[in-house]
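**Q** The primary structure of each chain is shown beneath.
Protein chains: 2
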Amino acid sequence: MQYNKNKEIIYTIDDLEIDIQLILNVIDERGAATIGLQFPEGLKRQAVNISRIIQQHRRVEVLISGNPCFGACDIDTQLIELTDVLFHFGHSNQGFCKEVVYVEARSKIDIAPVVARTIKILSGKRIGIITTVQHVHKLQEIQDMLVAEGFESVIEEGDAHIAYPGQVIGCNFSAARGNCDEYIYVGGGEFHPTGASITTRKNVIIANPYNNNVYKINPEPLIRRRCAMIAKAFDAANFGIIVSTKIGQQRLALAGALKRKIEEHNKNADLIIMDLVTPEQLLGFKPDAFVNTACPRIAIDDSKRFNIPVLTPVELEILIGEREWKEFAMDEILAGDR
Amino acid sequence: MQYNKNKEIIYTIDDLEIDIQLILNVIDERGAATIGLQFPEGLKRQAVNISRIIQQHRRVEVLISGNPCFGACDIDTQLIELTDVLFHFGHSNQGFCKEVVYVEARSKIDIAPVVARTIKILSGKRIGIITTVQHVHKLQEIQDMLVAEGFESVIEEGDAHIAYPGQVIGCNFSAARGNCDEYIYVGGGEFHPTGASITTRKNVIIANPYNNNVYKINPEPLIRRRCAMIAKAFDAANFGIIVSTKIGQQRLALAGALKRKIEEHNKNADLIIMDLVTPEQLLGFKPDAFVNTACPRIAIDDSKRFNIPVLTPVELEILIGEREWKEFAMDEILAGDR
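Chains as they are written, first to last, in our numbering: chain A, 627 to 964; chain B, 627 to 964.
Quick caveat, the hints were computed from the structure, so don't treat them as lab data.
Keep in mind that this is a model prediction, so the values were computed, not measured.
It is possible that some hints are incorrect.
For each label pair, taking beta carbons as the anchor points, the in silico distance ranges come out as [to be verified]:
| no. | chain 1 | residue 1 | chain 2 | residue 2 | range |
| --- | --- | --- | --- | --- | --- |
| 1 | B | D654 | A | K858 | 56 to 64 Å |
| 2 | B | D861 | A | N864 | 52 to 60 Å |
| 3 | B | E890 | A | I639 | 26 to 34 Å |
| 4 | B | A879 | A | V773 | 42 to 50 Å |
| 5 | A | E778 | B | E707 | 31 to 39 Å |
| 6 | B | D861 | A | D861 | 26 to 34 Å |
| 7 | B | E889 | A | G657 | 22 to 30 Å |
| 8 | A | K724 | B | D736 | 54 to 62 Å |
| 9 | B | R886 | A | G657 | 16 to 24 Å |
Here are the computed lysine-lysine pairs in the DSBU-like style, where the Cα-Cα straight-line distance is at most 35 Å [to be verified]:
| no. | chain 1 | residue 1 | chain 2 | residue 2 |
| --- | --- | --- | --- | --- |
| 10 | A | K734 | B | K912 |
| 11 | B | K842 | B | K893 |
| 12 | B | K751 | A | K930 |
| 13 | A | K724 | B | K751 |
| 14 | A | K724 | A | K746 |
| 15 | A | K930 | B | K842 |
| 16 | B | K842 | B | K724 |
| 17 | B | K893 | B | K858 |
| 18 | A | K912 | B | K893 |
| 19 | A | K952 | A | K751 |
| 20 | A | K912 | B | K887 |
| 21 | B | K734 | A | K912 |
| 22 | B | K724 | A | K885 |
| 23 | A | K724 | B | K724 |
| 24 | B | K885 | A | K724 |
Note that beta-carbon positions come from the ideal geometry of N, C-alpha and C, so glycine has one too.
With these hints in hand, go ahead and build the complete structure from the sequences.
**A** Next comes the structure, spelled out in structure tokens:
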């Protein structure tokens, strides 16, 4: 924790900064007596520290959410009922819930060196920039670097689920609509740039400031794995359609439509609705294949933990012949989808 | 599934009978178009079958809850919002929620032989009978057997959380208040009779109709384990108080009172609130000890899965010296506690 001259209180975890002053200001403005704190898994070990810092500065009762939390869409709605304000850490506002104050975690890491190296391997003229919320405050710096080297630079607006232009999240690539020749993705991990690459069908160059790796993402391995998954579900006669009750993931209308499509093809489908979706919890149901309408990442990231195929809605459509392979796309939850 | 001459539809799983006709009647009475089905873990594998039987008889949309379910107190409240009726299987009504229809599972197993053997070893005159909901329809038969052998027989009323006289559940032994010399417990498992034994301080004789075992329960091993747990927490300076958001388990007022007690003893306490309580999900918080105000069985049944001590509220009071060892008691959630 550090106090700066503007009386701002910043809590620093590794390279991430969390604005405690924002929390204190909201408590004061709303006269909050009881507050909730919700942390994604990676920040949970800081929960008690952050709670105590807040209580050193303000007399409030604090309830820390112990539930799993995997995104801005994953709001502890029961905690909202029990508190005056719910502070949700590490994600940006997706517009699902007015009662929640999002407390982002901003990375202090210097992205300039890796972006400089990335610029050298660009082949296009008009370059889109995408990143995660941890680095969105660096977009202008990246744009300036591109322009200084003679490129055009595009930071596209996302839809209403996206808090900042240029920001991508795991289920929404709407800030990468393809209004450019190729993309720079600044951040860690391959999921977001792979998704953007499949969605845009454009080159996406990873500029990873954590390990300084720079390379063009290759979406083919993921596409091949998904093709194999569809093949594994080929003979399925009984489908379990997974529906989430999470505020930002609930696609019950889509699930109902998929059920009717499956039944039109003379197969069975049951709707299974749940909060946290885990392979263990679905073990008892034993269909031949699942179709996942909850968090789109479940079908991709967790597929090895399920012992039966888990398809996205797009992949189900391919399986039953209502969509062609060349129309393969990432499953996204776009504004207006719910 | 079998149709009897009264047009009743009974679904049979192993030795358990589930009254499907009850479900159809409720659907008809309420004109339900969308229904929810919630099953405890042991019945989940029957969920799809039961759903399809209902749909063979009535045109309804069915949403099956995929969430874990560990008791009548563990109601899928989000599913209530999405359906006209929520059918909750395998438990009896605890009075928490008017929107839920409980569909019990009644055991067909013959309890007479094991009860006959149990009667031979009774040492008291006035015998209380306790059992779980699966066998409550056999209480009269047990009572008749006792009376025929010259015993007085008592079936005590429980509090408002208990659906049937003589019924015990894992967190409520109010139908065993000790108005007798000793108890017969008819059912499987040792948790309920052990709890009743500690609560009543009376002999409890197990009559297990599943394996035909008959013996007097010995509560000492459990009491010794809990004593060791309290000892392990002796030096704890930082406590995490676990609070459940489940409709029948939420004891936030108790949790707040325990937090203040802990702080009065110059130790720290944080309130951690969650739906499903698992050791994995609590890993990130790392206090020196937990105090569990959620389902009372968590501290007992799951203690080996936590790597730090988990105390009940009663045990915390013993730890901090506000209760004496001789006042050790089971943690119960009694009517009026919430």
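**Q** Determine whether the Cβ-Cβ distance between D861 (chain B) and D861 (chain A) falls within the hinted range of 26 to 34 Å.
**A** 59 Å, violated
**Q** So does A879 (chain B) sit 42 to 50 Å from V773 (chain A), Cβ to Cβ?
**A** 60 Å, violated
**Q** Check the hint pairing K724 (chain A) with K724 (chain B) against an upper bound of 35 Å on the C-alpha distance.
**A** 29 Å, holds
**Q** Honestly, do D654 (chain B) and K858 (chain A) meet the 56 to 64 Å range at C-beta?
**A** Because 41 Å falls outside the window, the suggested range is violated.
**Q** Does the Cβ pair K724 (chain A), D736 (chain B) satisfy 54 to 62 Å?
**A** Given range 54 to 62 Å: holds, Cβ gap about 59 Å.
**Q** Kindly confirm whether 31 to 39 Å is satisfied by the beta carbon distance between E778 (chain A) and E707 (chain B).
**A** 49 Å, violated
**Q** Has the given pair, K734 (chain B) with K912 (chain A), been kept, meaning a C-alpha gap of at most 35 Å?
**A** 27 Å, holds
**Q** Decide if the proposed pair is consistent with the structure: K893 (chain B) and K858 (chain B), CA atoms, cutoff 35 Å inclusive.
**A** 16 Å, holds
**Q** Please work out if K724 (chain B) and K885 (chain A) have their alpha carbons no farther apart than 35 Å.
**A** Given pair K724 (chain B), K885 (chain A) holds - Cα atoms ~30 Å apart, limit 35 Å.
**Q** Regarding the pair K751 (chain B) and K930 (chain A), is the alpha-carbon distance no greater than 35 Å?
**A** 61 Å, violated
**Q** For E890 (chain B) and I639 (chain A), compare the CB-CB distance with the range 26 to 34 Å and indicate the outcome.
**A** 32 Å, holds
**Q** Is the Cα-Cα distance between K952 (chain A) and K751 (chain A) 35 Å or less?
**A** 27 Å, holds
Violation of the numbered hints given earlier is confined to hints 1, 4, 5, 6, 11, 12, 13, 14, 15, 16, 18, 20; the remaining hints are satisfied by the structure.
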